[in-house]
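J.: Listed here are the chains, written in short residue letters.
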Amino acid sequence: MQDNRQPAAPLLTHKVEPISNGLHAIPMLAMLDPQGKPYEQAELPELSQDKAIKIHHAMVFTRLLDERMIAAQRQGRVSFYLACTGEEGAIVASAAATESLDMIMSQYREQGALVWRGYTPRQFMDQLFSNHLDPNKGRQMPIHYGDKALNFMTISSPLATQIPQAAGYAYGQKLSGQAAITLCYFGEGAASEGDFHAGLNMAAVLKCPAIFLCRNNGYAISTPAEEQFVGDGIASRGIGYGIKTLRVDGNDAMAMYAATLKAREIAIAESCPILIEAMTYRLAAHSTSDDPSGYRSQKEEQIWRERDPVLRWQYYLQQCGWFDQDAHHQWQSEMKNTLLQAMKDAEIVPVAPVSSMIEDVYHTPPWHLQRQLTQLQQHLERHPDAYDLRCLGEGE
Amino acid sequence: MQDNRQPAAPLLTHKVEPISNGLHAIPMLAMLDPQGKPYEQAELPELSQDKAIKIHHAMVFTRLLDERMIAAQRQGRVSFYLACTGEEGAIVASAAATESLDMIMSQYREQGALVWRGYTPRQFMDQLFSNHLDPNKGRQMPIHYGDKALNFMTISSPLATQIPQAAGYAYGQKLSGQAAITLCYFGEGAASEGDFHAGLNMAAVLKCPAIFLCRNNGYAISTPAEEQFVGDGIASRGIGYGIKTLRVDGNDAMAMYAATLKAREIAIAESCPILIEAMTYRLAAHSTSDDPSGYRSQKEEQIWRERDPVLRWQYYLQQCGWFDQDAHHQWQSEMKNTLLQAMKDAEIVPVAPVSSMIEDVYHTPPWHLQRQLTQLQQHLERHPDAYDLRCLGEGE
Amino acid sequence: MAKMNLLQAVNHALQTAMEADEKVLVFGEDVGHFGGVFRATSHLQEKFGKTRCFNTPLTEQGIVGFANGLASQGHKPVAEIQFADYIYPAFDQIVNETAKARYRSGGQFECGNLTIRAPYGGGIAGGHYHSQSPESFFTHVPGIRVVIPRGPYQAKGLLLSAINSPDPVIFFEPKRLYRAAVGEVPEESYQLPLGIAEVLREGTDISLVAWGAQVEVIVKAADMAAEKGISCEVIDLQSLLPWDLETVATSVTKTGRLLINHEAPVTSGFGAEIAASIQQECFLSLEAPISRVCGLDTPFPLAHEKLYMPDHLKTFDAIVACVNY
Amino acid sequence: MAKMNLLQAVNHALQTAMEADEKVLVFGEDVGHFGGVFRATSHLQEKFGKTRCFNTPLTEQGIVGFANGLASQGHKPVAEIQFADYIYPAFDQIVNETAKARYRSGGQFECGNLTIRAPYGGGIAGGHYHSQSPESFFTHVPGIRVVIPRGPYQAKGLLLSAINSPDPVIFFEPKRLYRAAVGEVPEESYQLPLGIAEVLREGTDISLVAWGAQVEVIVKAADMAAEKGISCEVIDLQSLLPWDLETVATSVTKTGRLLINHEAPVTSGFGAEIAASIQQECFLSLEAPISRVCGLDTPFPLAHEKLYMPDHLKTFDAIVACVNY
Ligand SMILES: Cc1ncc(C[n+]2csc(CCOP(=O)(O)OP(=O)(O)O)c2C)c(N)n1
Ligand SMILES: Cc1ncc(C[n+]2csc(CCOP(=O)(O)OP(=O)(O)O)c2C)c(N)n1
Ligand SMILES: [Mg+2]
Ligand SMILES: [Mg+2]
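Sequences listed follow chains A, B, C and D, in order. Sequential numbering of the first sequence, starting at 1, is according to the numbering used here. Sequential numbering of the second sequence, starting at 397, is according to the numbering used here. Sequential numbering of the third sequence, starting at 793, is according to the numbering used here. Sequential numbering of the fourth sequence, starting at 1118, is according to the numbering used here.
Calculated from the structure, these hints are not laboratory results. Yeah, the Cβ is synthetic: ideal placement off N, Cα and C, and Gly gets one too. Among the hints, a few may not be true.
[Stated by the list, open to error] Below, in silico cross-link-like pairs of lysine to aspartate or glutamate (EDC-like), each with a Cα-Cα straight-line distance of 16 Å or less:
1. D:K1120 - D:E1301
2. C:K1098 - A:D385
3. D:K1167 - B:E622
4. A:K207 - B:E622
5. B:K411 - A:E46
6. C:K1098 - A:D388
7. A:K15 - B:D429
8. B:K411 - A:E43
9. C:K1046 - C:E994
10. B:K411 - A:D33
11. A:K15 - B:E495
12. A:K15 - B:D781
13. D:K1423 - B:D784
14. B:K603 - A:E226
15. C:K842 - A:E226
16. D:K1423 - B:D781
17. A:K15 - B:E442
[As the list claims (entries may be wrong)] To spell it out: a stretch of chain A is covered by chain C in this simulated footprint if at least three of its residues, at any positions, have a beta carbon under 8 Å from a beta carbon of chain C; those stretches are:
18. 136-149
19. 192-202
20. 224-232
21. 269-278
22. 357-368
23. 374-385
Based on the provided sequences and hints, a complete structural model is requested.
T.: Okay, here's the thing in structure tokens:
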């Protein structure tokens, strides 16, 4: 029975003075300056040359993928795409601070994390072309990746739903006795959803070892952050829930790496959630369906282009003597070829068989779905030429 | 076109130090000490003798009503009741700081506000006995009061739904050019709902002149506040939304009055929301369906009984020389009689006519509801004795 | 008269309503300066200012909650849900609040002035979450109206009725027709009645009922059937709640057969209610079971979208089966 | 065997499940120390500790979201929604997440282990918000199961099946029977099959279908009808999604008549789906229109609750009308 409700000598005031300046006191963690030079006071986390280069590769690959697919969408080869461009630092470096048994739940703009985890060009392409090799069986729109083997939860379009789920997943990890966390990404727009509130508060109360990583990239489609919330970000909310909170320069991959590493350590050691707010910018359009020129200036974009996280990391590598220009160029052109080839291979792979349409609704298709499938198959037999059956074993 | 996304020299830090102590810095406004004596530093708001006594009467009446109805429920005269007991200070004094054109949206434990606004004993009883004089036509459970004339929105059981509604209502008041606000009450439990988050954030961004008044009374039914959130309250969240925030001793009616008065002034002058967290305690059971002995100690209750807000106000009146013991006792016993009489009168009033069952679903009953009513009426004619038709003009 | 697509008709209706009544407010995610992701609210902020047409934070429960408050205060909110697939976070505000506000207060308070607009339906390669047709959920909610236009003319006339209706209306817009459906639309204000179906084509052998984007599907199937000598009566339901039982029943009494087509999964789709009511109403006239040609009982798929859809071929086959029963 | 009421049977099922599998977790508002507002989770925290049975903050969308995460992680959450009337804030998590998790990931991730329990229905003077029967909404959601027990024996057996089912289950408990329905319940573990209806009484003139608390209503009506020489076949549907069409169709083929009874508003209630399916399935056997005896299309009223309910008298009258059709 609880009996600890009587506040022990609360802090009193006797003047009616609303607190209104709470928002501006939250500092931003920065480790590398825009030229990739560590700040003097910064204590950099340990990071091997190999890992530093792997981070760079993942960032660059992510950008190459984005460029490739935006072009592919313009060519009409794929219906939809959504780029990570500008946010690779925040994503790749945070994922690099996780262990492989940590679960990652993403919103949709975090393909860099999947790249870090080892998702292959071909795997990306199979999903993007909705073919039968896509583990989702081509059921979802492009960019809704998911891979059980990589502990990367399949993406779901409804915003913020993954936030309370991450709390629950992390609670389950804790109960299973795993030294693992759930890393949950979302945008500053998604943070307006009720699910954000529910998830963060539950995680705090139920002591769930999860990292909630908000990419504050300034926009939710066309809606600028200042029409999304009052103040300069959402870090202040973490404090409101009694959650340990870090605001980080999201374009500084070193700061993101350090912050996530520390957050993971605390989350496991203290069995508690942490909120990280990555201050960054969406350099690309929201998606291939969007044109940002309708709602923001070139000038603004230019300012952020100069804060490119990928370049900043490259400068850092250069300073460490870890950047080999020629090797990098060669790697990059190989990657471009690999991507192109993977795309060519994936786009001709048939879609899943018609029979798969009723799979995975339930564990085992119930009678009514079997009946509906039979009816559909009979219909297709009656009209063999009416449908473009690029289905496995059927249309070919 | 906005172009103000580039943070002007943000506050930087270079050490990974999560903010984790944000919660304990929020002081609580107190004006009267437990003996009703003003704190030395407190600047009391202006308050006439008449108004001070009216506040006292409203608090006492609320308690009498609660006592009367809890007894009535035990006697089986009414199916359900829910008491304000222990929170009269927070409720009555805040309502007393509003103007009559301000809208009040309440959760369910704020009958004190309705008393303040002039709801009569008989009006309470008509609602509580679901008779046809209840403006809600007896459709809702007891305690779901509502009165358009008093600008008191009809209560709805689903928790927190009134919070975004209050934001919208206040926005509408602003657009209508009224110097009016919406006062929205809710419990610390309801503040866990997604609607709380949605409502407060929208109110902040859209600059809605609303006062969000959270009664932090320690429990949501059996769930203690420490299983509802981390930290000592929800004031910290207001700060997170960039909303001006006040934490107040909810059992100090003077502090509540002063805080609400100030909040209203700011809300109108600056066209913005304010959050007030009233630290108080639910002295009664959650409702007549509940027995708190299963989840909290007598000792804890006792501590709070000693902080009785009604008594504290009485002490204050006494110090001002505004309390006439005899007059008060006489008023009190008159009130008891009035209540008893009102109950006796209300409980024999028939319920609304059967035909009212299909009213107010739509503006005008559509064909299908008319048909359903006809069928029902024919059914009742076929079985004149099967139903207890205490309906107006039907069962008698 | 002007040639407009469905999107322009919606935009025109909103502009007309905002011009006529300053109480009309338009808001939702990205509807402000940008004019909405489909551009249904284009130029409204420019014309009517930021207080009357504005972006909201990204929270559907908040949008509808806010709109409920505004409506009960006396404004006429027209709230946009960016995709019907994202209306569920607002389900509680709609079902427990919008719909019950008038009843629970005995008519003292209500949200009758509220209109909620949302693009719905498949056909745009949207997969699970940009293709749903959730209308049936809302037909089980006494207190709201559910309205779906099939083309530009209906979109403008029905939307203006919805905005001016004293009842809250959920207005689903068939997004695959946003640009595809083009037609003549009066430039002045006009309203089409709510709760009333429209008989698009008279026929004698079978009645076909659909709404929204599926109306063109049943028309196409009716054309195919006509070639085979089958005469179809084609009905656009337009309002799903309250719905026009009388028009459908009259038609079925005449034809003796009924086929209902909708995109949503068949189980507990609105076709179920129509079938249940009509078999009650027209029992002695029915010459064959009422047929439902609908989406499968699965989430809306991407790669197999075309197979999933209750298209004209499936409808035609079902017409033949019904007539030959 | 032991005598238990429905509440005790639920409690017993939860205890049995928690004993059998440490992955089973029970949580929701007030379910911890207090044991739930109806006491369905009494003593579970005591027995299994605070990590396995616990209070959550007051947020239904959070509860189901959290449960979805736990289920996909490999636990078996049994989440309580305090009243079915308050399940709507979780509607998005259920419809877009719980139900679609498996499909959208091609079976890689799923919430199959999830069970959501909620007391539903009228008869306790609960008014609008403590009386609702929202089951029909969920029957339009492919991917979940909807199960409703009529008594203690069914409650334990079906709840254990729900918890062990590889599919997510919404389990609605008829709260007006929590204490009123008492019966013999095996103390050991047992499961009743999901998706299967039970024929409680055989008959020849008309089939009566209901679920949950309304089963006793149709039984009572069947008794009255028997006195008039009408022989009713009484069916408890038990599972609403997927539902046992075959059992109902077999019965109607025999009796030629069908009456469905549910508390929820008639329009788009689950009776509509049953009627639509059965008229299709048994068209040539039907001798009268399928009859629905249901709640009115209004919010659930307080003062007129008894008039609102589809009680045995209304059912009996409809049986007679149907048989005399
Ligand atoms: C519940 C829900 N509402 C609306 C949408 C439509 N939508 C997709 S992305 C988006 C903006 C998200 O912004 P943010 O969270 O900041 O992420 P960003 O795109 O900036 O990475 C919106 C409104 C959605 N997917 N889900
Ligand atoms: C959406 C919703 N969920 C659950 C409930 C059931 N319920 C009624 S009151 C209550 C506790 C509310 O606690 P709090 O907000 O702190 O208010 P208090 O009773 O302490 O005044 C609960 C869970 C409800 N009414 N609405
Ligand atoms: Mg963003
Ligand atoms: Mg409380």
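J.: Are there hints from earlier that the structure breaks, and if so, what are their numbers?
T.: 11, 12, 21
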